[in-house]
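K.L.:
Each protein sequence line maps, in turn, to chains A and B. For the first sequence, our numbering gives the first residue as 63, with consecutive numbering after it. For the second sequence, our numbering gives the first residue as 7, with consecutive numbering after it.
Heads up, a few of these hints could be off.
Stated by the list, open to error - Label pairs and their calculated CB-CB ranges:
1. Thr196/A with Gln367/B: 34 to 42 Å
2. Lys198/A with Ser170/B: 51 to 59 Å
3. Gly195/A with Asp338/B: 33 to 41 Å
4. Glu210/A with Glu285/B: 29 to 37 Å
5. Glu210/A with Asp152/B: 52 to 60 Å
6. Gly195/A with Glu172/B: 47 to 55 Å
Hints are computed from structural coordinates only; laboratory data are not their basis. Quick caveat, the model's predicted, so the values are computed rather than measured. Using N, Cα and C, we set each Cβ at its ideal position, and we do this for glycine too.
Each chain is listed here by its residues.
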Amino acid sequence: MAGDDFSGFYSSSFDRVLRAVWAFCGDEDVAYDSVQEAFARAYGRWARVRGARSPQGWVTRTAMNLTRRHFRRATSPLPPDAGPSAPGPTTERVDVLAALRSLPRRQRQAVVLHYLADCPVATVADLMGLSEGTVKAHLHRARGVLYELLEVRHA
Amino acid sequence: MREELLAAVESERTTKSPDLSWVVRRGRRIRVLRRAAVAASALLLAGTVTAGAVALRVEDPAPDVAPGDATPAPQASPRPPRPQRPRPGEVVEAMSEREQAEVFAIRALAATGLTQPFRARSYLFTGGDDTTQTADGWRVGFSAGDCAPRDTGEGMSFGCRGISGEDRAGNGLTDTYVVVAREAKRWRVVAVEGNMPDEERERLAGYSLPAIPEPPHWEFTATGVWPGSDAPYIEMWGVWVGPYPTAAPGSACVVHAFDSRGKSMGVLQRFYEEAPNREFERAGGARGSQAESSSGVAAVTVRCRQYTGRGWKVDSVASTLHRGRVSGVAFDVVWRGDEGFTARARCRVRLLDRKDRTVWQRWVKVDQLWRPSELDDYPYTVRERVDIGRRPVAAERADVVCETI
Numbered sequence: 063m064a065g066d067d068f069s070g071f072y073s074s075s076f077d078r079v080l081r082a083v084w085a086f087c088g089d090e091d092v093a094y095d096s097v098q099e100a101f102a103r104a105y106g107r108w109a110r111v112r113g114a115r116s117p118q119g120w121v122t123r124t125a126m127n128l129t130r131r132h133f134r135r136a137t138s139p140l141p142p143d144a145g146p147s148a149p150g151p152t153t154e155r156v157d158v159l160a161a162l163r164s165l166p167r168r169q170r171q172a173v174v175l176h177y178l179a180d181c182p183v184a185t186v187a188d189l190m191g192l193s194e195g196t197v198k199a200h201l202h203r204a205r206g207v208l209y210e211l212l213e214v215r216h217a
Numbered sequence: 007m008r009e010e011l012l013a014a015v016e017s018e019r020t021t022k023s024p025d026l027s028w029v030v031r032r033g034r035r036i037r038v039l040r041r042a043a044v045a046a047s048a049l050l051l052a053g054t055v056t057a058g059a060v061a062l063r064v065e066d067p068a069p070d071v072a073p074g075d076a077t078p079a080p081q082a083s084p085r086p087p088r089p090q091r092p093r094p095g096e097v098v099e100a101m102s103e104r105e106q107a108e109v110f111a112i113r114a115l116a117a118t119g120l121t122q123p124f125r126a127r128s129y130l131f132t133g134g135d136d137t138t139q140t141a142d143g144w145r146v147g148f149s150a151g152d153c154a155p156r157d158t159g160e161g162m163s164f165g166c167r168g169i170s171g172e173d174r175a176g177n178g179l180t181d182t183y184v185v186v187a188r189e190a191k192r193w194r195v196v197a198v199e200g201n202m203p204d205e206e207r208e209r210l211a212g213y214s215l216p217a218i219p220e221p222p223h224w225e226f227t228a229t230g231v232w233p234g235s236d237a238p239y240i241e242m243w244g245v246w247v248g249p250y251p252t253a254a255p256g257s258a259c260v261v262h263a264f265d266s267r268g269k270s271m272g273v274l275q276r277f278y279e280e281a282p283n284r285e286f287e288r289a290g291g292a293r294g295s296q297a298e299s300s301s302g303v304a305a306v307t308v309r310c311r312q313y314t315g316r317g318w319k320v321d322s323v324a325s326t327l328h329r330g331r332v333s334g335v336a337f338d339v340v341w342r343g344d345e346g347f348t349a350r351a352r353c354r355v356r357l358l359d360r361k362d363r364t365v366w367q368r369w370v371k372v373d374q375l376w377r378p379s380e381l382d383d384y385p386y387t388v389r390e391r392v393d394i395g396r397r398p399v400a401a402e403r404a405d406v407v408c409e410t411i
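Only chain B is shown next, with the shape it has when bound in the complex (with noise of 0.2 Å):
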């Protein structure tokens, strides 16, 4: 039964595509309305139960954050990342100007510490609806948000609001445009308009960066660690160093963690990033994760650089059989790519006849694994199943080929 059902299933071809930046912008939302709702009535939380409402059964009313709980300043990166120049191997595409004032744009408010996850005026960008081209640059449209955590009295709550006003989704509105322009081989910041304090106006006039050819990759360009009184809570905001769309492969990214005292404490994650698959994935990528409790984090900086390194491998692969034909395929996949992470991978299951003709063909997704028990033990191996279905196939063998995404 369940491999009927998930035969069904995968055979539907969804023409949605993952949205993490939207799912981390609204959950940040949540948090705050939760933390209100839980205040104001702990009654209507148990009424709405027992109307049952199962989504609400396990609403968690502990705060992520104790009220009293220590909470000194949130930390920004210690070093911002820089323009890459490409190594042998890596894919280089070339960047519309438009997509490299963006980039710059962002990368020079975070660099001058503007845009920081848990700033009290934090500059986000809007997703470049608000990008024209003037005379004197390209103009950058920037919504100033309030990210900075607030006490509701039960705990700390998380999410940034528009600080001069938001959309009916809950978008802040666009009120700050960075314009920046290219002079000779280097990106400038050339005027700053609209909701930006004077003080900051100068951190961000004139600051420049060389203006290279960049292997497409991700960059995090501004993160942030929000002690907490179980765990530090880690942000990571990212932007798309490279066209849309794409041809070159995702990116391998690597945390490193600082003390108090900015001392390197050592690598504290890795993690594989596909490369955009809509136009909007391109700005505004967000993570975010909890280092250990006793960790003592306090801020952290993210490096990627264009993942060149090996995927997924076919290891084995064998056939069941019903009465001589093949009622279903399963093969093995092992991750010969770096320790630490893993990618995504889509597979051709194929079955072939005596001639090698395909006589029956499905893809099947082989997802990333992301359990700290799952990336134990490398190289890191995956079992997949494939069901045929209700009739079995006359085949002669099977044959299962894979590409990491």
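Here chain A stands alone, though its shape is the one from the complex (with noise of 0.2 Å):
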């Protein structure tokens, strides 16, 4: 048999990956060109990468830091709320971004790894070079900010 195919693992993970970066940065053309960009890179290396713990959070984070950099060059900071670009979400959704992108760049790295990427704390601290009680402080932080937030705009 065939062993993992990059092609399935794409297709497959492509629509999540996006919408993660998307939700990290606030601004769909970076998130895309990253995405795009990061899964190139698993491409390239993929014999390595398709036996890591997540290969879609290896994707994700690495997209990330690629949006990070993009901000870095152009010399603006990263858009704290841009914002859906498509009309419809409702009040409430556009809230939970807002608050998501209004957190810290590590916590709002581990929110989006755990909870949009579906990596496991011990992953999340893999990708983040970080301990596990670091990575689950950082979300116990990034909760009860996220909580916080949400009660005082519904309030």
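The two chains are supplied separately, each in an independent frame; assemble them into the complex guided by the hints.
P.N.:
Now the structure itself:
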């Protein structure tokens, strides 16, 4: 039987990774370019990436780094809340994303990897180069801030 | 928290589509660059790591193919695909003459062995921007590329380089034109212009195939297998034999393996390829995969047919309640199609009131299963959960309908 197949991985992961990275950076075009580049890098070293704990987490993490690099090059900060460019989402959904984008970068990365890219805490720790305890602390703080922000906005 | 975030993210309707062919092209170039970078300085890599560029933290300095590894000539597809006659139940759509001409030119180059994934001189379709109609027929543009893996001293590197140069995006410049014409009931190569040696022109000139109405389907015209130290690497280049846009479903494809003596080793892999969602996707579709190390695979052929089988079906739907209101919906979908692969599905999840009026609705996607472990237990089942959000909805029942993409 053939081994893991990059094309299958790409088609099954693309949507979720793009949405996660878009949520992280707030700019759909930058997210798309970064995700495509991250998948290309995964393809370039597929023998290694497919054996990773979470290939999807690897691509998401790489794409998030690329968005940061883009905004650093552009000498402008990450947009805190660029909001969705497509019409339609309810105020409630925009609130969730706005709250997410208001988090400090590390917390936001941990949230995106854990909740949106579906990586276990151990994998997030591995991808971020942090201890599991630190990741849990980031997630705990992020949850607190998110709940607080959402409660305030809905109050 | 997970459900709220996922629901919020899912609600953002992206205008972007996947582009696998770009990823593969770029990925192959990255392999080349990475080999060179590794050879240049391991110290630089260490420095990059400490600088905190986490994307590079998991760089793999190990080559896919070891230096000095046995590198026999890459194997091409033993038998190129042929035009297909429609079967009962298949959708048939008319292709424009231009589309037919482009598909035929791609087929002609592959069938004569001039387009191959690992060939030192391989002709790559440039996407139709360079196709023009002339008095002689259709003039279809290609880029001559050097796709032979190169030994960098640290291992083999893969990737095509434009022989006549490349644009700033790394795409080879268009330098070769295949002129094709429809004569009676056949397509034929009537001339070749540009960057192609005489011996190759002679091979290509006069090549013909019957011009018949075909059901839209993917065709992997060129395949190659490169032996590696770990495992044979397989690459397949495809073209959509059909019009764009299309209402046809995607294709079910079977990869057959052959050993170095040309003896069949049976089916290596099955997969489903969606119909193109954007025009440029109809040419240049590429798939890459690796066979198991001890398989002895030396060549492959890919046979695709329009998929007319069954797809995902909803098996069960359950609502989760919070204080008498629906706070979430869970549903199981079962793949009722052929064994060995799945497609994707788009599912409409609705909450209905007592009069069956829709009070809440969301679209969700069921991803294609691709890991071998996911495809062990047929029929394949996937459970999806949809969170309603912060405000549960008063509803009588949930309804889910799925459509295979």
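K.L.:
For each hint, tell me whether it holds in the structure or not.
P.N.:
Hints, verified against the model:
At roughly 40 Å, the beta carbons of Thr196/A and Gln367/B sit within the given window of 34 to 42 Å. For the pair Lys198/A and Ser170/B, the supplied restraint of 51 to 59 Å holds, since their beta-carbon distance comes to about 56 Å. Checked against the hint of 33 to 41 Å, the C-beta distance between Gly195/A and Asp338/B comes to roughly 36 Å, which is consistent with it. Between Glu210/A and Glu285/B the beta carbons are some 47 Å apart, a value that contradicts the proposed interval 29 to 37 Å.
A C-beta distance of roughly 58 Å is found between Glu210/A and Asp152/B, which places it inside the suggested range of 52 to 60 Å. Our hint of 47 to 55 Å for Gly195/A and Glu172/B holds, since their Cβ atoms are close to 48 Å apart.
The earlier numbered hint that this structure contradicts is number 4, and it is the only one.
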